[in-house]
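**Student:** Residue numbers (my numbering), protein chains in the order written: chain A, 221 to 602; chain B, 221 to 602.
If you're looking for bench data, these hints aren't it; they were derived computationally from the structure.
A few of these clues could be false.
In this list, chains with the same sequence are indistinguishable; a pair is considered to hold if it fits within one copy or across any two.
[Stated by the list, open to error] List time: in silico DSBU-like cross-link candidates among lysine-lysine, alpha-carbon distance up to 35 Å:
#1 Lys262 / Lys491
#2 Lys383 / Lys491
#3 Lys579 / Lys481
#4 Lys481 / Lys574
#5 Lys313 / Lys243
#6 Lys222 / Lys262
#7 Lys491 / Lys222
#8 Lys481 / Lys491
#9 Lys491 / Lys256
#10 Lys297 / Lys374
#11 Lys243 / Lys297
#12 Lys579 / Lys383
#13 Lys491 / Lys374
#14 Lys222 / Lys243
#15 Lys256 / Lys243
#16 Lys421 / Lys243
#17 Lys313 / Lys491
#18 Lys574 / Lys374
#19 Lys491 / Lys579
#20 Lys383 / Lys551
#21 Lys374 / Lys551
#22 Lys481 / Lys374
#23 Lys297 / Lys421
There are 2 protein chains.
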Amino acid sequence: MKVAVLGYGTVGVGVYEMLREAKGLEAGPVLVRPGKDNEPFKVTDMAAITGDPSVGAVAEVMGGVEPAFSYAMAALKAGKHFVTSNKALVAAKGVELNRTARENGVSFLFSAACGGGVPILHNLARAAETDEILSVGGILNGTTNYMLDQMQSKGMDYAEALKQAQELGYAEADPTADVTGLDALRKIMLACAVAWGVLPKSGLLNEGIDSFTAADVNDIAARGRVCRLVASGKRAPDGRISAYVEPVLVRVGDAESAVQKNFNMARYEGKCAGSIALIGQGAGRYPTASAVLRDLSGICVGEAAMFPADCVEGEADNASESHAYYVRLPKACAGALPVAEVLSDGEELRVLTKEISVKQMHEIASSLRADGRAVFFAAMRG
Amino acid sequence: MKVAVLGYGTVGVGVYEMLREAKGLEAGPVLVRPGKDNEPFKVTDMAAITGDPSVGAVAEVMGGVEPAFSYAMAALKAGKHFVTSNKALVAAKGVELNRTARENGVSFLFSAACGGGVPILHNLARAAETDEILSVGGILNGTTNYMLDQMQSKGMDYAEALKQAQELGYAEADPTADVTGLDALRKIMLACAVAWGVLPKSGLLNEGIDSFTAADVNDIAARGRVCRLVASGKRAPDGRISAYVEPVLVRVGDAESAVQKNFNMARYEGKCAGSIALIGQGAGRYPTASAVLRDLSGICVGEAAMFPADCVEGEADNASESHAYYVRLPKACAGALPVAEVLSDGEELRVLTKEISVKQMHEIASSLRADGRAVFFAAMRG
Numbered sequence: 221m222k223v224a225v226l227g228y229g230t231v232g233v234g235v236y237e238m239l240r241e242a243k244g245l246e247a248g249p250v251l252v253r254p255g256k257d258n259e260p261f262k263v264t265d266m267a268a269i270t271g272d273p274s275v276g277a278v279a280e281v282m283g284g285v286e287p288a289f290s291y292a293m294a295a296l297k298a299g300k301h302f303v304t305s306n307k308a309l310v311a312a313k314g315v316e317l318n319r320t321a322r323e324n325g326v327s328f329l330f331s332a333a334c335g336g337g338v339p340i341l342h343n344l345a346r347a348a349e350t351d352e353i354l355s356v357g358g359i360l361n362g363t364t365n366y367m368l369d370q371m372q373s374k375g376m377d378y379a380e381a382l383k384q385a386q387e388l389g390y391a392e393a394d395p396t397a398d399v400t401g402l403d404a405l406r407k408i409m410l411a412c413a414v415a416w417g418v419l420p421k422s423g424l425l426n427e428g429i430d431s432f433t434a435a436d437v438n439d440i441a442a443r444g445r446v447c448r449l450v451a452s453g454k455r456a457p458d459g460r461i462s463a464y465v466e467p468v469l470v471r472v473g474d475a476e477s478a479v480q481k482n483f484n485m486a487r488y489e490g491k492c493a494g495s496i497a498l499i500g501q502g503a504g505r506y507p508t509a510s511a512v513l514r515d516l517s518g519i520c521v522g523e524a525a526m527f528p529a530d531c532v533e534g535e536a537d538n539a540s541e542s543h544a545y546y547v548r549l550p551k552a553c554a555g556a557l558p559v560a561e562v563l564s565d566g567e568e569l570r571v572l573t574k575e576i577s578v579k580q581m582h583e584i585a586s587s588l589r590a591d592g593r594a595v596f597f598a599a600m601r602g
Numbered sequence: 221m222k223v224a225v226l227g228y229g230t231v232g233v234g235v236y237e238m239l240r241e242a243k244g245l246e247a248g249p250v251l252v253r254p255g256k257d258n259e260p261f262k263v264t265d266m267a268a269i270t271g272d273p274s275v276g277a278v279a280e281v282m283g284g285v286e287p288a289f290s291y292a293m294a295a296l297k298a299g300k301h302f303v304t305s306n307k308a309l310v311a312a313k314g315v316e317l318n319r320t321a322r323e324n325g326v327s328f329l330f331s332a333a334c335g336g337g338v339p340i341l342h343n344l345a346r347a348a349e350t351d352e353i354l355s356v357g358g359i360l361n362g363t364t365n366y367m368l369d370q371m372q373s374k375g376m377d378y379a380e381a382l383k384q385a386q387e388l389g390y391a392e393a394d395p396t397a398d399v400t401g402l403d404a405l406r407k408i409m410l411a412c413a414v415a416w417g418v419l420p421k422s423g424l425l426n427e428g429i430d431s432f433t434a435a436d437v438n439d440i441a442a443r444g445r446v447c448r449l450v451a452s453g454k455r456a457p458d459g460r461i462s463a464y465v466e467p468v469l470v471r472v473g474d475a476e477s478a479v480q481k482n483f484n485m486a487r488y489e490g491k492c493a494g495s496i497a498l499i500g501q502g503a504g505r506y507p508t509a510s511a512v513l514r515d516l517s518g519i520c521v522g523e524a525a526m527f528p529a530d531c532v533e534g535e536a537d538n539a540s541e542s543h544a545y546y547v548r549l550p551k552a553c554a555g556a557l558p559v560a561e562v563l564s565d566g567e568e569l570r571v572l573t574k575e576i577s578v579k580q581m582h583e584i585a586s587s588l589r590a591d592g593r594a595v596f597f598a599a600m601r602g
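All chains should be modelled from the sequences, with the hints used to inform the complete structure.
**Tutor:** Here you go:
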C-alpha cells in the first residue's frame, strides 16, 4: 500500500524513512508548504494526493486542527485510509472523522496521538470489544514527566527544568499545552472515546504542573511521595464519564514513581483483564513514527477503527469523583477548603483536605487564583 | 463466530462465560473428559467439534502437549481457527502448528500463553512487521514474582512463600515448572519466535528461584537491590539468538522493582519504537480468559498469525551474552569463578564476578551443584 505523508517535520521525516524500509508499505508523495518542495517526492497541493489513485492511505503528522481537518476529510472522501498523530485534530473532530471514514469504507486510526510509541489506544480498542473497560489513564505527557523527574531527582527548580526540556527538544518554544495539562487532557479524551464511545467535549478539567516549585518537591519527598501528572477517565455504573488531568502524589515504589525521564505510562482496567499498564517513549521522531507505521500495517490486515461506530460527543462529569488533596495555599485562604490535617504552618499552609470532588478542588483553586493567590494542589493516591 | 472450548478448568470456565457475553462471538460445545459431561453444552468426543460445520474456532485451555497437539492438528485440518493458552504446546509444537494453520488458511494465535492478560505477543507481532526487534523479555512468571515479593517485603522464607502461593492458587501442587524458571523459559521461546521467526529449541538455559533464601534477601536489600526472575531474549547483529531465564538483582526504583505480587512485566525493544513494557496480571481465570477472547475477536477482524510464515526451529546461543553476577557459594569453591570483589566472607562467600558469559555462569553453578554444593546466583543490572 502506497502511503502519502502530510508534513515533513520531526515525525514526518521518521514516517517517510520507516515507510521506505517497511514490508508491504511504500512511501508516496509528501505534502509540504509551498516553497519547501525541494525534493522530487514532495508536493504542495493536496489534490495531487487525493487525485492519485495509487495512494492507498494518508498519514497526517502536521499538527493543528486546520488545515489538517480539511485534508483529512478530502482524503477520506477520496477513499484513502487516514492515519494521524494529531491529538488536537482528533480531540476536536474525531467523531466526524470516524463517521466519514465509515461512510467511505476506509480506516481511521490514530495510535500516535496518545502515548506516542506506546500502543495504548490499539490495545484499548481491542480490549473494549470483549471486556468492559472500567477506567483509563496514566502519565500521558512526556515533557512534564521529564520536568517532574528532573526537579525531583536533581533538585532543579521549575524554570530550570523547563529550560532543559526545551533545549532537549522535549518541550515546544511555547510549552503551554504541555505544562497546563491540556496535551494530556486531549489524550484522555481520545481514550474515553475508544473505551466507551463518548468523546467528552465539555466539563473537562486540567490542572498542570506550572504551580509546582522546588519547595513543594522537598516537602513531598519528606513524606515519601513523588509527584506525577496523571490523566484519568472513568465510567460510573450509571454511564457518566469523568475525564480530568491533575498532579498526583504517588508513593515511592508505586509503578508510577518508576516512570522516569520523558516516558509515558498509559493504563486501562478491564473488568476481566484487570489492570494493564504500558510504558514507553511517549514522543520523539522514531517512537511516534513507529506508532504511525503500526497503524498502517494494521490497515493492511483489516484494522478499521478505534472509535466504535456509534461514537458520539458528550460531557464529562467530574463532580462524582473525589479524593483527598495535598494543597499549598496562603494561610488566609484556608477557610476555602475542608481541611483534614495541617501539615505545615506559616504564611503559606500545606494541608491535606478531606475527600472532596475533583470538580470542587479545581474550582476552589481557580477561584483563589482569580484573586491573585498562589496555589498548588495534587491528589493523594494509595 | 461460534467457538468450541477444549477444557473446563479455571481458564475454560472463564472463556466460556466471556464467550456468552461477547459481541460477535458465540459459545459452542466444551470438550471435557468422559464422565464429566454433566451439562448439555459439554461433549467428550473431539470429532463432535471437528465435524460441526457451525464451529468456526477452537480455544484450547487444557494444558500439556498431548492430547492438546492432536486436537489442535485435527481442528486446523478441519478448517477451524485455533487459539490456545498452552505454552508447553506452543513451545514444543508451535512451528508445526503455524505451518498447518497457514496451509489450511486459518488463524493460529496464543496470546494467553505468554503474559496471561498482558498482550505482549500480539503487540510484539505487530511491532515486528514494521520495526526491528532488538530484544524481548521481562518478568513472565507471576508465581515466582509473588514469592519473591513476599520474601522481600514480608521477610518470609522460601518454603513459607511457596506454601502461601499454593494456598492462594498461584502455584500448582507441583510447582517445579514455575520455581525452576521452565515456565518463563517456554514463554521467552515463544517471544523469540514471534520477534525473529526462530523458535529456539536447544541451547536454552533456565535458573529459577529455588536456591533463594531469606539470608539472600537480607544481604541483597542491604545493597539497595531486589531480586526478580527475568527472562531474556536478544538477537545479535550476526543473527544469533540468546534465550535464558535467571534471577536478576535490579535497583530499588527500577521499573522491575515496582512489579508487585503476581504481576508480569513483559517488554520488547524496537529499533524505532524504543523500549515498550507491558504490566498486568500474568495468570488467573479472567485475565487469561480475556487474552483468549482478544485473540478470538482479532480473528474476526483478520488477525491470522503470531509466528511469521517462515518460522523455523533453531538453537539459542547464550555464550555471547555476558554480565557480572552476584554469587553465594561455599568458600572452598571460590576458585571456580572469576571473582571481582568479595562482598562477605565466611564458610559461605558472597562475591561479585567479573563479566562472564551467561552460559559459563549457568554451567559453573550446575557443576558445583552436581558436587552437592549450595549455590545462588543472580545477574547484576544497572
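**Student:** Next step is simple, just say for each hint if it's right about the structure.
**Tutor:** Here is what the structure says about each hint:
Taking the closest pair of Cα atoms, Lys262 and Lys491 come within 35 Å of each other only across two copies (26 Å); inside a single copy the shortest separation is 48 Å, beyond that limit. When the C-alpha separation of Lys383 and Lys491 is checked against a cutoff of 35 Å, the pair qualifies only between copies, where the shortest distance is 29 Å, while the shortest distance within a copy is 42 Å. In the homo-oligomer, the alpha carbons of Lys579 and Lys481 lie at most 35 Å apart both inside one protomer (30 Å) and across protomers (34 Å), since each shortest distance falls under that limit. Within a single copy, Lys481 and Lys574 get their C-alpha atoms as close as 32 Å, and across copies as close as 30 Å, so both meet the 35 Å cut-off.
Taking the shortest Cα distances, Lys313 and Lys243 sit within 35 Å of each other both inside one copy (31 Å) and across copies (27 Å). In this assembly of identical chains, the alpha carbons of Lys222 and Lys262 lie at most 35 Å apart only when taken from the same copy (15 Å versus 49 Å across copies). Taking the shortest Cα distances, Lys491 and Lys222 sit within 35 Å of each other only across copies (23 Å), while inside one copy they are farther apart (39 Å). In this assembly of identical chains, the alpha carbons of Lys481 and Lys491 lie at most 35 Å apart whether taken from the same copy (31 Å) or from different copies (19 Å).
For the identical chains of this complex, Lys491 and Lys256 are inter-copy neighbours only, at 29 Å across copies versus 50 Å inside a copy, given an alpha-carbon limit of 35 Å. For the identical chains of this complex, Lys297 and Lys374 are neighbours neither inside a copy (51 Å) nor across copies (61 Å), given an alpha-carbon limit of 35 Å. Taking the shortest alpha-carbon separations for Lys243 and Lys297, both the intra-copy value of 27 Å and the inter-copy value of 29 Å come in at or below 35 Å. In the homo-oligomer, the alpha carbons of Lys579 and Lys383 lie at most 35 Å apart inside one protomer (32 Å), although the nearest pairing across protomers, at 47 Å, exceeds that limit.
In this assembly of identical chains, Lys491 and Lys374 lie within 35 Å of each other by CA distance solely across copies; the values are 29 Å between and 39 Å within a copy. Taking the shortest Cα distances, Lys222 and Lys243 sit within 35 Å of each other both inside one copy (11 Å) and across copies (33 Å). Taking CA atoms no more than 35 Å apart as the test, Lys256 paired with Lys243 passes inside one copy only; the shortest distance there is 29 Å, against 49 Å between copies. In this assembly of identical chains, Lys421 and Lys243 lie within 35 Å of each other by CA distance solely across copies; the values are 28 Å between and 38 Å within a copy.
Taking the closest pair of Cα atoms, Lys313 and Lys491 come within 35 Å of each other both inside a single copy (30 Å) and across two copies (33 Å). Taking CA atoms no more than 35 Å apart as the test, Lys574 paired with Lys374 passes in both settings, with 32 Å inside one copy and 31 Å between copies. In this assembly of identical chains, Lys491 and Lys579 lie within 35 Å of each other by CA distance solely inside one copy; the values are 26 Å within and 43 Å between copies. In this assembly of identical chains, the alpha carbons of Lys383 and Lys551 lie at most 35 Å apart only when taken from the same copy (31 Å versus 54 Å across copies).
For the homomeric pair Lys374 and Lys551, the shortest alpha-carbon distance inside one copy (29 Å) is at most 35 Å, but the shortest distance between copies (42 Å) is not. In this assembly of identical chains, the alpha carbons of Lys481 and Lys374 lie at most 35 Å apart whether taken from the same copy (12 Å) or from different copies (31 Å). Taking the closest pair of Cα atoms, Lys297 and Lys421 come within 35 Å of each other only inside a single copy of the chain (25 Å); across copies the shortest separation is 51 Å, beyond that limit.
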